[in-house]
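S.K.: Sequence:
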Amino acid sequence: MNARPTINAFSLLMTHMSVSAPPLLTILEWGTEWRNLPAGPVTATGGPCPNWEGEAVPVLGEDESAALVKAIKAAGFTVTHLFEAAQILAILERNPVPAESAADAHITYAIGIIAIAPYRVPPHDGKNQRISEMAIVALQVKYADIPQVAPQDRLLAVMALLRAQYDEYLANPHLPHLFPAQMRLAPPRVLVITSNPHATVITNLGVIEHSLASTWYLDGDATKHPLFEISALPFGHRMTMPSP
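Using mature numbering (1 follows the signal peptide of the UniProt record, and there is no 0), the letters of the sequence shown correspond one by one to residues -21 to -1, 1 to 223.
No lab work stands behind these hints: they were computed from the structure. Everything hinted at is true.
The calculated label-pair distances, taken between Cβ atoms and stated as ranges, are:
1. Ala160 x Leu7: 29 to 37 Å
2. Thr87 x Thr57: 16 to 24 Å
3. Trp31 x Phe207: 41 to 49 Å
Below, a list of computed lysine to aspartate or glutamate pairs in the EDC-like style, where the Cα atoms sit at most 16 Å apart:
4. Lys121 x Asp83
5. Lys121 x Glu72
6. Lys121 x Glu79
7. Lys121 x Asp42
8. Lys106 x Glu188
Note that the Cβ used here is the ideal one computed from N, Cα and C, for glycine as well.
Throw the hints in and build the complete structure from the sequences for me.
M.R.: This is how it looks when you write it as structure tokens:
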């Protein structure tokens, strides 16, 4: 479970707490949990798209793929673009690149998160789908591609570079199935814990209230007096990540 499904799980909990006739716990037969697991990302987004085999054939080598950065004209940005671009510039500010390394220097995000909820199809498009909510992609910005201009213009330029890469991923109909394919190609068999404050992962949940209401009414009837309200929602998260 990642960020948004976790919020959805809290929302479902509040929903069950605010109905006058909740389902009996006897329907949750012990030992049958595995039969009620949410569908995987391929099933939840409608199954494999046509031409998966043909479109997935590699046409570039590893070195060429890693070096490829396609920039497009910026036409609006997201909070994710802003945070990631600001972090890149902060890293470069704290770690100046020597002239002899400028041609090869780059910053790579191994984990760029794209939500796949918009791709889900019925009956997997509700809040009960609490896993497989994201695609993980790699993002790279070369130092040589960042213009040496005013700070604000540099920030906009890096945001444009990142947005171009996101747009390229989003244009591919197979995006929701990319992460499952990666897990099949390289299953994380060995657990390794990383804790690197310089390699963070940025997740944009948007407006929390759109996923988890702060005021709850009996049976959802807003004309009645509130049954309960959420006054605070603090989260604690260790800066460690299991990875292959």
